[in-house]
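Colleague: Quick mapping for you: the protein sequence lines, in order, are chains A and B.
First residue of the first sequence? That's 1 in the working numbering, and the numbers climb one at a time after it.
First residue of the second sequence? That's 652 in the working numbering, and the numbers climb one at a time after it.
A portion of the hints provided could be inaccurate.
Not the full set, but computed from the structure, chain A residues with beta-carbon under 8 angstroms of chain B [unchecked claim]:
hint, residue
1, 364
2, 500
3, 502
4, 584
5, 585
6, 587
Because the hints were derived from the structure by calculation, they are not lab data.
Virtual Cβ for every residue (Gly too), placed ideally from N, Cα, C.
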Amino acid sequence: MIRLSFIAFLFPLILWGQNDTVQPIQEVIATETVYIPRANNSILTKTDIEELSANDVGELIQKIAGVNLKSYGSLGGLKTVSMRGLGANHSSIVKDGFSLNNSQTGQVNLGQIEVDNVVGVISSVGRRIKNSLPVSAQISGSNFLIKTFENTFTTDTLQIRSNIKYGSFNQQLGYLGMKYSPRKFMFSAFGRMRQSVGNYPFVLQNGNTFFSSSRRNNDYKDYSFGGTVGYKWKENYMRLIYKKSVFDQGLPGAVILYNSTQDEKLATNKQSLSFDYRTIIKAVNYRFYVDTRLSELNYKDPTFLNSSGGIDAVYINRSATGGLTFSLRPRNNLTINGGVEEVISDLFSNDSTFAQPVRFHNFGLLGVSYLLRYGLKIEAQISSQYVQEKNNNGQNAKDRFRVNPFIYIEKSSFNKKSWKHVLWYRNSFRMPSFNELYYNNIGNNLLEPEEAHQLNYGFSFVPIRKKLDIYFRTNIYFNRVTNKIVAIPTKNLFVWSMQNVGLVNIYGFEAVVQSKWKINDNWKLTSDVNYSYQRTLDMTDMDSPTYLDQIAYVPVHTVNFDFSIGHRKTGLRLSNYFISMRYSLNENVPQNEVEGFLISDLTIFHSIKVKKNLIRIQLSAKNIFNQQYAYIRNFVMPGRNYLISLSYAFN
Amino acid sequence: MHLIRIAVPFSLLLVLISCKKEPEEIVVNSTLENGMVILCEGLFQQNNSSVSWVNFSNSTITNTLFQDRAFRLLGDTGNDMQRYGNKIYIVVNASSTVEIIDALSFKPLQQILMQNGGIAKQPRSVAFYGSNAYVSCYDGFVDVIDTTSMLVTQRIQVGANPEGMAVANNKLYVANSGGLNFPNVDSTLSVIDLSTNTELQKIVIGKNPGSVIADSQGEIYVINRGNYGAIPSSISRVSSQTDAVLSELSINATVITHMNSDFLIADLDITTNNSSVIVFDPLTETISNSNFINTSGVTTLYGIQYNSSKNLIFISDAMGYSNTGYIRSYLANGNALKSYHVGLNPSKILFYD
């Protein structure tokens, strides 16, 4: 029998001025959202990130409209996100300008990305920030950009960020980051650790009864450190960034009734070395980037009932990326942008029967943006991808070549710039991951890429710019996923295989209303509400019982409702997250229902500023109504829990 | 106050969103009769193994029989269900339990947690002899359960990942699949002396043995599942007198069951997803009907059983393994009769007159 909790790990998903393609290097961290009409992007500011008190980036990103988080646990648990029903592999995760996606799984475990040093997150589905993104991220179905303290240039000579946190279930977190910027140079270094016993109590319904227990084999420990050297002159910069992260965790798996003998372990070791150089010379803006990554997974199941007395599997995934992006502005109303990127990645395992795949993935992009009269803008892009596959221990997957278009039309109010209509179409695809192609007994090297078509109309509006600021955005979209890659049992219940069998239509609507009300010099109120409606329908086979059924684990309704009140340096934030009932399998029958939930977190904070020193104390009560809930059936989440944090910053 | 004003309408919205229609309740008699009990395996990590009851008198179906009688769930991945006297034994693999149930009332009598030193034994199937139930466990043992005390009294070591079992000639034959070493599967059949409960020997048969059945002459038939690829499935025939392999039959087989003195052998072709059912006469070692049932209405053949009192054949249709399944009944002439919509991955059936 295949241990699915591990398989789930394997398969298993900033505004800094993105108005114009050619833009100055803007490294000012947005602490508050400036309301301008944006129909494509969602932003989590530094203030949001601090107040949300999230454990990881996954918990942050679920606050964004259209995002569907799949979380398999609390601290360190596997978390992936999908945007607008497309599946996690269609989203690029970009940190400080470098893509984090890995070719083994095709997706990123957001539970492993810390938030202590994150100063902004932006998601985009349509038009993109261009030159700060790798080419591969510019043409993906959607992307999430994460910006961190260590890798951002500053005008301050010395900056220090640090915090310590202690929480329920013996959570302990510590972070220290320093940035020294003498004249044109920047030197930064950071160290961080997190650990948790993870033995939180839960109550699970068992028929007409309930049983109480505590999560087992859910211990978690990680640490990371890194450093950056940067150099900035005139309107150029270059950065050299190194990071190492080590994760050690138990895999608690699903809660299996009557059997709590789970003892699988996963150790992960990641290292990356990245370099980029970016410049703006009048009407020319380009960025050159190189990135190398190493990820080593060691999965152990000491009680797997095979003849060798367990499983001890090692997977080493390496990648090297090089790319160039550019934009030119030959005329004031015309921008041309493009880029090329090459990613080479491979995978090794200590299992001699496992494939040894190597992938050469080439990306090309050319786009043009033309500003007409009366606030009308038209943008068109065409991208190409050529993928060569080799397998040094078995049969290759096929080479592929694809060309994908993107078309965007925008109409802004040309006098006051307070509203914007956008209409766009994007065609993209995602490659099958190495696991999907080659994983023992499951992989299928005949898989075709999974295609996504997105058609979107959006409207955003900023009506008032006085004491009460309001931002409103709505989008209506239709997405279609063809050749969807799904795991299905093809031989018997225990022999599953990846197949291109899915066809999915997604009909979606989202609305976002944000407001800021500055009552007087001391008091301010803010609210942030978003609602997403997603009908994600299986269109694969008219004769199937799942035809026109909602795809598993995609909620029809998702609501975020955040409200905060601030008085000088003291404040409170109530953060609510609701998702409606979902199905654990594609068949929409009552026995597959997974209950929806409403989770409310409350954070109280107080800051003290003495000259350049800022001390902040923050107390968070998470899941204050002590809901028993799960994103994934039987992967129970923690009830009410607390986190206290003390942070110190020096500017 | 602000919070209350906001929270109340918000909560009402959520209540409206979460409203749902309650399913119609079907009353099942306290004593089961004239119907069938179906074990639905469910899917791994879903805790959704269940038992369905089909009432032949009025064709009503309830898919929560175990929960209704036990007030709790069966667990995760129920693999086998057999009746012995007035007790039913359900083997639940991922939950690692054996549920012993009163056959008439279907009320649970005993739940045995099948663990050994904190490691789940992962039971797979059950067979009976004398006052004992024998449960094959994936950890390489057959557990002996006293049917009176309903406790495990002994463990008999066999081969890797044992699965199907059959009794003949005072011996228990256990298929050692080695399935968890795939693709390096096992290919042996353990022979256990039932008077001493010790393993006598291992007989080498075909690759990846699964189901085991005995005919009226005491010959043992084992389905070798091959490697689901180049090595096809086959059937090994073993003498319980000499414990020698008599022959290996080139018959593709997924499941095998008794139909009077004959066998019904069903096969699901994993490449085409087509299935077939043949009638095999174990006395003459010949196929008496190579196309017994037209299975075009079956999506994923997962099990087959014969009801002698009604002279009907019942096929378990797993509907692609991830959709709720059907039990499809057929007349003895092979013509389709009726379908019953049951739980996820229906497999074993017990009949009530």
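Colleague: Which earlier hints turn out false for this structure, listed by number in ascending order?
Modeller: Numbers 1, 2 and 3, in rising order.
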